[in-house]
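Asker: To convert, note that position 286 of the first sequence is 289 in our numbering; the numbers rise steadily by one, no gaps.
A few of these clues could be false.
[To be verified] Here are the simulated lysine to any residue pairs, SDA-like style, with alpha carbons at most 25 Å apart: (1) 227 x 199; (2) 460 x 296; (3) 433 x 409; (4) 197 x 140; (5) 227 x 39; (6) 77 x 165; (7) 446 x 464; (8) 197 x 227; (9) 227 x 321; (10) 197 x 91; (11) 77 x 160; (12) 446 x 246; (13) 81 x 20.
[As the list claims (entries may be wrong)] Pair by pair, the computed Cβ-Cβ distance ranges are: (14) 157 x 77: 29 to 35 Å; (15) 415 x 319: 50 to 56 Å; (16) 7 x 377: 25 to 31 Å.
I should point out that these hints are in silico values taken from the structure, not numbers from a laboratory.
Glycine is no exception: its CB is placed at the ideal position from the N, C-alpha and C atoms.
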Amino acid sequence: MTFRLYDTATREVRDFVPLEEGKAGLYVCGLTVQSEPHVGHVRSGVNFDVLQRWLRHLGYQVTFIRNVTDIDDKILAKSADQGLEWYELAYRMTRELERAYDALNVAPPTYEPAATGHIPEMVVLIQELIERGHAYVAADGSGDVYFDVRSWPQYGELTRQKVDDMEAAGDADPQETARRKRDPRDFALWKGKKETEPATAAWPSPWGSGRPGWHIECSAMAGKYLGPAFDIHGGGVDLRFPHHENEQAQSRAAGRPFASYWMHNAWITTAGEKMSKSLGNSLTIPAVLQRYRGIELRFYVVSAHYRSHVEFSFEALDEAAAGFRRIENFLDRAGVTEPGELPQAFVDAMNDDLGTPAAMAVLFDVVRDGNRAEDPAPQAAQVLAMLDVLGLNPADSAWGADGDDQRLTDAVDALVTGLLEQRAQARADKDFATADAIRDRIKAAGIEVEDTPDGPKWSLA
RNA sequence: GGUGGGUUGGCCGAGAGGCGAGGCAACGGACUGCAAAUCCGUGUACACGGGUUCAAAUCCCGUACCCACCUCCA
């Protein structure tokens, strides 16, 4: 069975056939770094990390580009509110995002280009579009350049919308509407500098000083690193329109075939609503990581299919964490460290449009088999292999404890071991009241003790 | 108005014509000094109304409700 994936453009699951055998070029729209990343933001990162890992497992040489949008209206507005330079805010949030990705074991892409580092490439692309008659400089002297939607008959093909059916609402900013577009649906390729904007947020161009529109950034960066045609373009569902529609239109209008497959991950919502700042900070990654380990959060995200809408709740996260501990318990007992072969059922599940839920079912089935077996080693090796490819191997150094953690663990271990020796003596004396009292005392400190054939073991509750 | 997606047992979440994915929780049993972990067992779920079929949660028609996108958004 070959790898199959759902293509948003054709709306069907189809075989993945790369442009060049053995290679896969992947572009994913990263975040606009304007605020702390929350659980929803990170889903895209995790989902496409799983894709990247799976493609690598299948033997593809993967070039994975995930950009950072580090200049836009919101960054300018928020940085002004906070009394920061726009680039200061963007850089801070970029680092926050990196921390979040690290905490969730999201492997870095091949390269992470920043929009502001690719202005010349964007200018070239805009120029091509003007020369081909698909873009025009606004007549009002604003320095804006717009894509001419009516000049591109295929406009709307990605999301199957007809231009005439689209809401004719113009830009939210009435000033901008006043700058006159040929059609209200025309979108900005280049935004002329406004008086109120800082000089650092403007770059020279043939049309005057200004900054790029959002959509052109991705087209230019994808083109630079992956070439005029590449295999997979990904992002969140919300980006299908207008962002991806516009990317495709402007790239193809400039004679670039662009992406062969479009992949979109669904949302994580809370209380039926999109996550946003208005819901407060409880769902930012740093906040969630105070209550859950990164590996547990990743497990929760990976358990759902990437195209399924997830209703986030801490209850569901608790359940996922409990389930994951079941896997960890098994691995602890088995004591195997070398990954083995992937079960065929797991491979089939993953090949079917990254069927992680079915893959998880296989994982748990193998855990049960292993728990039943006299020698759990073969199953444990399989489990390790499956976790590995999902980025969920607890032994992965990415989750690693830092030096202080290890020293703390050693210190606690010494103390608990002393207590457990006293308890063992009490048990040997059949003094169970004392034995239980000791265990209760340890438990009150947040440490669970279990008696195993190999003697007592402790772990954080 | 246009374009998509959804409604599955106490909860989370797969599947997409025939065999009850899987997890969490619960209950019973085994094991244990007691626990924990683990194993075994217990659930007759697919929004509603029609239809097609030997057979429908899965296909068709209709209805209801929910959500997303069409404006920055993962």
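Asker: Mind checking the alpha carbons of residue 227 and residue 321 for me, to see if they're no more than 25 Å apart?
Answerer: Not satisfied, since the Cα-Cα distance of roughly 43 Å exceeds 25 Å.
Asker: If you draw a straight line from the CA of residue 433 to the CA of residue 409, is it 25 Å or shorter?
Answerer: Violated: residue 433 and residue 409 sit about 35 Å apart, past 25 Å.
Asker: Is it true that the CA of residue 77 sits at most 25 Å from the CA of residue 165?
Answerer: Roughly 29 Å separates the two Cα atoms, so the pair is violated.
Asker: Could you grab the alpha-carbon distance between residue 446 and residue 464 and see if it respects the 25 Å cut-off?
Answerer: Satisfied, since the Cα-Cα distance of roughly 8 Å is no more than 25 Å.
Asker: When you take the CB atoms of residue 415 and residue 319, is the distance between them in 50 to 56 Å?
Answerer: Violated, at about 30 Å.
Asker: Would you check the hint for residue 227 and residue 199, treating anything up to 25 Å between C-alpha atoms as holding?
Answerer: violated (32 Å)
Asker: Given a hint of 29 to 35 Å, does the C-beta separation of residue 157 and residue 77 actually sit inside it?
Answerer: holds (30 Å)
Asker: What's the verdict on residue 197 and residue 91, does the C-alpha distance respect the 25 Å limit or exceed it?
Answerer: Measuring from Cα to Cα gives roughly 20 Å; hence the hint holds.
Asker: Taking 25 to 31 Å as the stated bounds, is the beta-carbon spacing between residue 7 and residue 377 within them?
Answerer: Violated: the Cβ-Cβ distance is about 38 Å, outside 25 to 31 Å.
Asker: Please work out if residue 227 and residue 39 have their alpha carbons no farther apart than 25 Å.
Answerer: Distance of about 28 Å is beyond 25 Å: violated.
Asker: Can you confirm whether the C-alpha distance between residue 197 and residue 227 stays at or below 25 Å?
Answerer: violated (29 Å)
Asker: Residue 197 and residue 140: Cα distance at most 25 Å?
Answerer: holds (16 Å)
In terms of the numbered hints stated before, the structure departs from hints 1, 3, 5, 6, 8, 9, 11, 12, 13, 15 and 16, listed from lowest to highest.
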